[in-house]
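Peer 1: Sequence:
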Amino acid sequence: KQMHETMSKNLADAAATEEASIKSHEELMSAKHKEVEALSAAIESKQRTIGELGVQIVTMKEDLDDTQNALAADEKYLAELQKGCDTKTAEWEESSKTRAD
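Take 1 as the starting number for the sequence shown in our numbering and just add one per residue.
Possibly wrong hints are sitting among the right ones.
[Unchecked claim] Restricting the straight-line Cα-Cα distance to at most 25 Å, the calculated cross-link-like pairs of lysine-lysine (PhoX-like) are:
1) K46 - K23
2) K9 - K23
3) K76 - K88
4) K76 - K97
5) K83 - K61
6) K46 - K34
7) K23 - K34
8) K9 - K32
For the record, the hints were derived by calculation from the structure and aren't laboratory data.
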């Protein structure tokens with residue numbers, strides 16, 4: 001009779017421990033699923049941001065290239081304008097000198 005009581009008590013303790021372990025495991029799995037969902041959302045957000053930044057980089061590189069081309073054209077125009085001004089200045093000086101004589 002005492003052995004039966006001990007075995008019953010041990011079985012009840014083991015069952016209670018098993019139930020507690022199952023409940024703990026279920027809570028842990030629930031928490032981990034929520035964590036996975038949150039991290040998945042964060043990954044998607046960061047991937048979207050990476051994509052947007054990639055587009056911005058390409059756009060900025062194109063803008064830089066356009067600006068550099070415009071600068072080169074403006075510098076060429078400035079050089080031609082300076083050359084024209086130098087030529088006109090020399091002609092004016094020659095004309096003034098001729099008139100003075």
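Peer 1: It remains to establish, for every hint, whether it holds in the given structure.
Peer 2: Comparing the hints with the structure gives:
Among the hinted pairs, K46 with K23 is inconsistent with the structure: their alpha-carbon atoms are about 35 Å apart, more than 25 Å. Taking the CA atoms of K9 and K23, the gap is near 21 Å; set against the 25 Å cutoff, the hint holds. Restraint check for K76 and K88: satisfied, since their Cα atoms lie roughly 18 Å apart, inside the 25 Å limit. This hinted pair does not check out: K76 and K97 have alpha carbons roughly 31 Å apart, beyond 25 Å.
With a C-alpha separation of about 33 Å, the suggested pairing of K83 with K61 is violated against the 25 Å cut-off. For the proposed pair K46 and K34, the alpha carbon gap of about 18 Å is at most 25 Å, so the pair holds. The straight-line distance between the Cα atoms of K23 and K34 is roughly 17 Å, inside the 25 Å bound, and the hint therefore holds. At most 25 Å may separate the alpha-carbon atoms for a hinted pair to count; K9 and K32 exceed this at roughly 34 Å.
Hints 1, 4, 5 and 8 from the earlier list are contradicted by this structure; the remaining hints agree with it.
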